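Visitor: Single-letter residue listing:
There are 2 protein chains.
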Amino acid sequence: MSKFYGIGTGPGDSSLLTIKAVNTLKELDILYTPEPKKEGKSLALSIVQEYLKEDLEIKQRHFPMSFDDLEKTKAWDEIAVEIEKDVKNGKNVGFVTLGDPMIYSTYVYLLERVRDKVEVETIPGISSFSNIASNQNFPLVMDREPLIVVPCTTDESKLDYALENYSSIVLMKVYKNFKEIIEKIKKNNLLDHAILVSNSSLNEEKVYTNLADLDKDKISYFSTILINKEEKRVG
Amino acid sequence: MSKFYGIGTGPGDSSLLTIKAVNTLKELDILYTPEPKKEGKSLALSIVQEYLKEDLEIKQRHFPMSFDDLEKTKAWDEIAVEIEKDVKNGKNVGFVTLGDPMIYSTYVYLLERVRDKVEVETIPGISSFSNIASNQNFPLVMDREPLIVVPCTTDESKLDYALENYSSIVLMKVYKNFKEIIEKIKKNNLLDHAILVSNSSLNEEKVYTNLADLDKDKISYFSTILINKEEKRVG
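Chains as they are written, first to last, in our numbering: chain A, 144 to 378; chain B, 144 to 378.
Next comes chain A alone, as it looks inside the complex:
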């Protein structure tokens, strides 16, 4: 029976796909790929390119990143209808998404629209924070401690609570209020227990282990900070 497959590509390095993801990609008739910009190149597509069969039909679709909810909803509705039609026509249809499909991925908006209409199988991927921790040999969380992952676009009070109350913290989307975040980390005496990585597993990857001396006003869109009070890192 034909299916819709949501496939996590992991953070960027093609060798971080799972065997299951690679085997599934090889069975697809059609692959949908998300593009943040019209006519832009899909990062998710470039990660999986080497595993695709030659006659695979690729449908690059634009996913608006704007704050206009109506524009977004309309795009997702249209792509979901297209996917449903392809699966009902007997095709195995895939969609690739960066990192893990269930953790901060727009794949969920497609999933919600098609899961009652066609069979769906989701294949997990390595999330960016997990990859950064391994690459830096930086233990994230142990024993009885909670792990909290906070997008820095959340309410400031939630960010403050996390920094004050948890030992193991992942801060995502730090690009927006980067300077203030560093100040908050400093205020909580966590600078020595934090690392910052931009563009993890891509060619432009940058690792900062000494956040105290980090004299930058801006930081890449794909930047993540890992904090573990049990770990000590000074540049």
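Since the hints were made in silico from the structure, they are not lab data.
It is possible that some hints are incorrect.
Any copy, or any two copies together, can satisfy a pair, since identical chains are not distinguished.
DSS-like, lysine-lysine: derived pairs with alpha carbons at most 25 Å apart [what the hints assert, rightly or not]:
id, residue 1, residue 2
1, 330, 301
2, 349, 146
3, 322, 359
4, 375, 217
Bear in mind the structure is a predicted one, so any value in this text is a computation, not a measurement.
Given the coordinates of chain A, assemble chain B onto it according to the supplied hints.
Guide: Quick look at chain B alone, frame taken from chain A:
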């Protein structure tokens, strides 16, 4: 140059290893595997078995799960010394660990002991909660919400705070005070937004989508509850 490799096997299904993990396993001279019980079979070893070369030397080592910290520390010290010696003798040495090496894994205790002495490379793995979410098509977290992962062996106040204040919650190690945890989920009106999975990705996997009707006193050691206030699941 020879290295020590910490390799995440993912949750249990051999096809959930990454390409990088499989390629690394093939290059090893020696593989250390953890065994919770003396003479017991290593689950991590059985997951990777199909990828190992025939003449690989396997060193099964006992990792005590007791509450006796001295016994544990002694075991880790001894294994770390053994690994260091093997790497300094020019061997590529691996260690396999369930899930992701940086998230609640005893691998970290070895890493801390050897990372200043030999070169170490850690390869991430799919964590159990990420796998459960994908298998159940259960979105974990979206947009601006934090994600909190709580081992239920933590302080009760931390568990309560998480249930009262976050939308996206992973509860691990729920076997111990299972009945009380279900009561707490009920009290916070989260029963309809939760699923429980035991032995994810193993043959004995069990999925419970209706926690209200779950009439059990005990639950398997490998049990995890996913909660997302934005998701509604009733049996």
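Visitor: Each hint needs a verdict: does it hold in this structure or not?
Guide: Status of each hint after checking the structure:
{"no.": "1", "hint": "330 <-> 301", "in the structure": "both (16 Å within a copy, 23 Å between copies)"}
{"no.": "2", "hint": "349 <-> 146", "in the structure": "between (39 Å within a copy, 23 Å between copies)"}
{"no.": "3", "hint": "322 <-> 359", "in the structure": "within (8 Å within a copy, 50 Å between copies)"}
{"no.": "4", "hint": "375 <-> 217", "in the structure": "between (47 Å within a copy, 23 Å between copies)"}
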